[in-house]
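Undergrad: Note that the protein sequences, when read in sequence, are chains D and P.
Mapping to my numbering: the first sequence position 134 is 134, numbers consecutive.
Mapping to my numbering: the second sequence position 6 is 6, numbers consecutive.
Since the hints were made in silico from the structure, they are not lab data.
Take the hints with a grain of salt, since some may be wrong.
Each pair of labels, with its calculated beta carbon distance range [what the hints assert, rightly or not]:
| hint | chain 1 | residue 1 | chain 2 | residue 2 | range |
| --- | --- | --- | --- | --- | --- |
| 1 | D | Ser254 | P | His210 | 27 to 35 Å |
| 2 | P | Pro142 | D | Asn24 | 54 to 62 Å |
| 3 | P | Ile22 | D | Met67 | 49 to 57 Å |
| 4 | P | His210 | D | Asp147 | 55 to 63 Å |
| 5 | D | Ser153 | P | Ser33 | 51 to 59 Å |
Quick look at which bits of chain D chain P covers, simulated, 3 or more residues with Cβ under 8 Å [said to hold, decoys possible]:
| hint | region |
| --- | --- |
| 6 | 149-162 |
| 7 | 180-194 |
| 8 | 240-248 |
Partial pick of chain D residues on the chain P-facing surface, computed with a CB cut under 10 Å [stated by the list, open to error]:
| hint | residue |
| --- | --- |
| 9 | Asp28 |
| 10 | His123 |
| 11 | Tyr124 |
| 12 | Asp237 |
If you're wondering where the values come from, they're calculated on a predicted model, not measured in any experiment.
Just so it is clear, CB atoms sit at the ideal spot from N, CA and C, and this is done for glycine as well.
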Amino acid sequence: MTDEPLLRVSALSKFYGSRVGCENVTFDLWPGEVLAVVGESGSGKTTLLNCLSTRLLPSSGTASYRMRDSQFRELYRMSEAERRFLMRTDWGFVHQNPADGLRMTVSAGANVGERLMAVGDRHYGKIRATAVDWLSRVEIDEDRIDDEPRAFSGGMRQRLQIARNLVTGPRLVFMDEPTGGLDVSVQARLLDLLRGLVTDLGLAAIVVTHDLAVARLLSQRMMVMKDGRVVESGLTDRVLDDPRAPYTQLLVSSILQV
Amino acid sequence: MATPLVVSDVAKSFTMHLRDGIKLPVVAGVSFSIRSGECAVLGGPSGAGKSSILKMLYGNYAVDEGQIIVQHEDGLIDLATASPRTVLAVRRLTIGYVSQFLRTVPRVSALDVVAEPLVERGADREVARNKARALLAQLNLPEKLWALPPATFSGGEQQRVNIARGFITEHPILLLDEPTASLDARNRDVVIALIAAKKAAGVALLGIFHDRDVREAVADRVIDVTAFAAGKIAA
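Could you put the whole structure together from the sequences, leaning on the hints where they help?
TA: Take a look at the structure:
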């Protein structure tokens, strides 16, 4: 285990005019750690995720990322091309809606293979073999490799999106409501799959969710956001079992028991 | 004799913001220590704060005041103020915990639930599974259940999975929250034997046991939690 974080975020804020997107967010993320960001719609969690993944530029604050050569680089000072390269290789982004993260009109195999080609793989046979391997890891039958994702169910699309993101061996994955909009049985399968992959690959991940059960299952640490600010953070089970902020207590007490 | 866990002047209360911010004091002035190779038992009636104390020691509840000093790797750590990352490292290497109820994960087999803490500590998966098999057999869990996820198991079966999961590692400190509550006499005896083996191996144990027979069989001493009643100090 290394003693340096993978990502350091300091006083990050994003304003939309005078409206607060997220304000003064500070945290470190270490390799292999899964951080859940929870809060209701409009709490700023997606704005934060988009700033961290450089899909949005913040109004102020810094975020530095430890590159594979162990040097920290300031994300918002990189060139657009450098950021895009990071996004294609060392990072993954799993969207709530798979259609945002997949190319719906090319085959499942090509969706996975495309990321490999982006990092310089050119050998067709090898790319296809890796694609098959990854499809099986996300429990998609090999005989679906030439099908387009629009012929897939919602759960399968989401699993394909995960395969597409993980095939390049990223070190950090951003996830925006990865199980949102799926049936509970499909959700359970996907969560189990994600949990296994994150552990086996030692991935660091930042998972935005409004579902506290998802946060408990996937994450070790948690940040609770309200009105753009972090109102509570800490170990996931500590935040859920002994919530201290008024808003966290409200969230936890609102969970339905089955 | 080594003393890997020292608790001093710990206080805990809950502030219920949804109930006009009323403050519920739980415990105050909690002070005790546990030596390697002994099993101390938290005693006192329900509601005295026994579980809350265990949960603070595991980092599951926040601590208002005081210190919880743990010997972790080659240093001392105050769990009351440690960062989440440090608490996770302490849980991985130093403090094990058998909770009252098993929190199941969909689709993970009983065998892997038990083996997981060892795998997390870097053990080979097959080695960990073999040790898990041995423990589940010792706890008389029918072999046909091992490959199934424990979500549909009976209370007693889930608890045995939970016990096996807690005892599989060699954490130098082990916290036990009523591990025998839903077990029959035969399996209670197995747990008593497992605790004796941990003591012999030099593990410091702290537990809650409502079952008097078990308590008398394992306890080296009883820590009376009513002495830490928060009302006493406040009044």
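Undergrad: Each of the hints needs a verdict: does it hold here or not?
TA: Hints and how they fare:
Restraint check, Ser254(D) to His210(P): a C-beta distance of roughly 32 Å satisfies the suggested window 27 to 35 Å. For the pair Pro142(P) and Asn24(D), the supplied restraint of 54 to 62 Å holds, since their beta-carbon distance comes to about 55 Å. The hinted window of 49 to 57 Å between Ile22(P) and Met67(D) holds, with their beta carbons roughly 50 Å apart. Taken as a hint, the range 55 to 63 Å holds for the pair His210(P) and Asp147(D), whose Cβ atoms sit roughly 58 Å apart.
Separated by about 57 Å at the C-beta atoms, Ser153(D) and Ser33(P) satisfy the suggested range of 51 to 59 Å. Under the rule that three or more residues need a Cβ within less than 8 Å of chain P, the assignment of the region 149-162 of chain D is violated, with 0 such residues. Interface restraint, the region 180-194 of chain D with chain P: holds (4 residues with C-beta to C-beta distance below 8 Å; minimum three). Remark: the region 240-248 of chain D is confirmed as covered by chain P, as 5 of its residues place a Cβ nearer than 8 Å to a Cβ of that chain, reaching the required three.
Satisfaction of the interface hint for Asp28(D) is found here, the shortest Cβ-Cβ separation to chain P being roughly 8 Å, below the 10 Å cut-off. The restraint placing His123(D) at the interface with chain P is violated, with a minimum CB-CB distance near 31 Å, outside the 10 Å limit. Of the supplied interface hints, the one on Tyr124(D) is violated, with its beta-carbon coming no nearer than about 34 Å to a beta-carbon of chain P, more than 10 Å. A distance limit of 10 Å between C-beta atoms decides the matter here; for Asp237(D) the minimum to chain P is near 5 Å, and the interface restraint holds.
Comparing the model with each earlier hint shows violations of hints 6, 10 and 11; every other hint is respected.
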